[in-house]
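J.: Given next are the chains, with one letter for each unit.
Protein chains: 2
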Amino acid sequence: MPSLVHFTLDPFSRRMRLALAEYGVPVELIDEEPWEPSPDIFELNPAGTLPVYLEDSQTPVCGIEAIGEYLEETKSTRVSLIPGDVFERAEVRRLVAWFDIKFYAEVSEPVLTEKVIRRYLPREKGGGGVDTARVRQAMTRLRAHLDYIAHLADHRTWLAGSDLSLADLAAAGHISAVDYFGDIPWAEYPVAKSWYQRVKSRPSFRPLLADTVRGMAPGPHYADLDF
Amino acid sequence: MPSLVHFTLDPFSRRMRLALAEYGVPVELIDEEPWEPSPDIFELNPAGTLPVYLEDSQTPVCGIEAIGEYLEETKSTRVSLIPGDVFERAEVRRLVAWFDIKFYAEVSEPVLTEKVIRRYLPREKGGGGVDTARVRQAMTRLRAHLDYIAHLADHRTWLAGSDLSLADLAAAGHISAVDYFGDIPWAEYPVAKSWYQRVKSRPSFRPLLADTVRGMAPGPHYADLDF
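First to last, the protein sequences are chains E and Y. In case it helps, the working numbering puts the first sequence at residues 1059 to 1285. In case it helps, the working numbering puts the second sequence at residues 1059 to 1285.
Do not rely on the hints blindly, as some may be mistaken.
No copy is singled out in the list; a pair is fine if it fits within one copy or between any two copies.
To be verified - List of simulated lysine-lysine pairs, DSS-like, C-alpha gap at most 27 Å:
(1) Lys1160 x Lys1173
(2) Lys1183 x Lys1160
(3) Lys1183 x Lys1133
(4) Lys1173 x Lys1251
(5) Lys1183 x Lys1173
(6) Lys1133 x Lys1173
Bear in mind the hints are in silico, worked out from the structure with no lab data behind them.
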């Protein structure tokens, strides 16, 4: 069985779990905690980033773009997650990069670093109390992203076009990791909420709703489909 | 004719100019200065990042991964820049991400921000004198990357395998932008140097060697093939 080296709340790992489930590929999950990298991880992936995908005992596939394209090249006989013509496919990839670069830098990286990573990191490696100002700034910036999601979802069935794509899964990977802490003002963003409700209701999402991080319970609506 | 909205020293724009030339696609270059974005750029690309590729009057293609994959899907009849089987293609994409994320964060972003962007930015937007400590740290980190390039080039003809690929062009895009300032200790890294010499000698590279940024002459060996 293929395996995925991942961390529960890592937005990139979450996207790949969703993608694998949408393609119908069962996968064994191997836990890795970013604040305490196992000696193996740099053997698998010199950059040390998560997730890493292993197709049985084959060469590891590393890097989120590489894994996404690899799965599309090898598993998309029934379901495509980079669907459409060349311009529609470019739109999927543009939005994936929007979430991986912009959303990550502005929202998910600061939230996860402050609320999770720094909590478990030893003090000499940068661990310590939460920088609440940094989290607050991230949650303010989140609002512009919810507006952008609403703008897209208002004009299209799914974020990149008429079909579910890797763009929805990328967005959901980042948003669901932030939503674990329960502070997203969903009530103020009904269109973005309705899009997220549709993603969250998919069978591929179910395992993510059961996730927990040791010592940190999710917010009360994290696993709720009617949040 | 297709066009590319670019900035001369932007590593991502450089990669796309190299790729277009390798594919044999003539392109009209439209200059954009990152410290003074034109009003149009956000119309073309909501993220505001460079480069943006325009296939005649068609939909703009934005985001470096999207452009790379788009060109491979539409222009690779003679030359492929993501060559090989699925694992070899994954290796190309892994290395592209290595340079775009790791090399960029550790080396090219600090060098370009400090040496170019901050020089032209108004003071109230973060412009000002060079943070020399930040540049020095970047140049120290560059050494680990030159070692990694040497390690790859020692085992393979090109960085990702036996053929020239987007990985070489990604690396060359970042390295050539830093090399503009002339401080790379090439003499200490003969294997990395020999790889770079081979990339630099390609006809696709020639236009980049003629680049200049206003008010900043390149280092004495920037355009030299025998540096």
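J.: Any hints this thing doesn't respect? Which numbers, in order?
T.: Hint check: 3, 6 fail, others pass.
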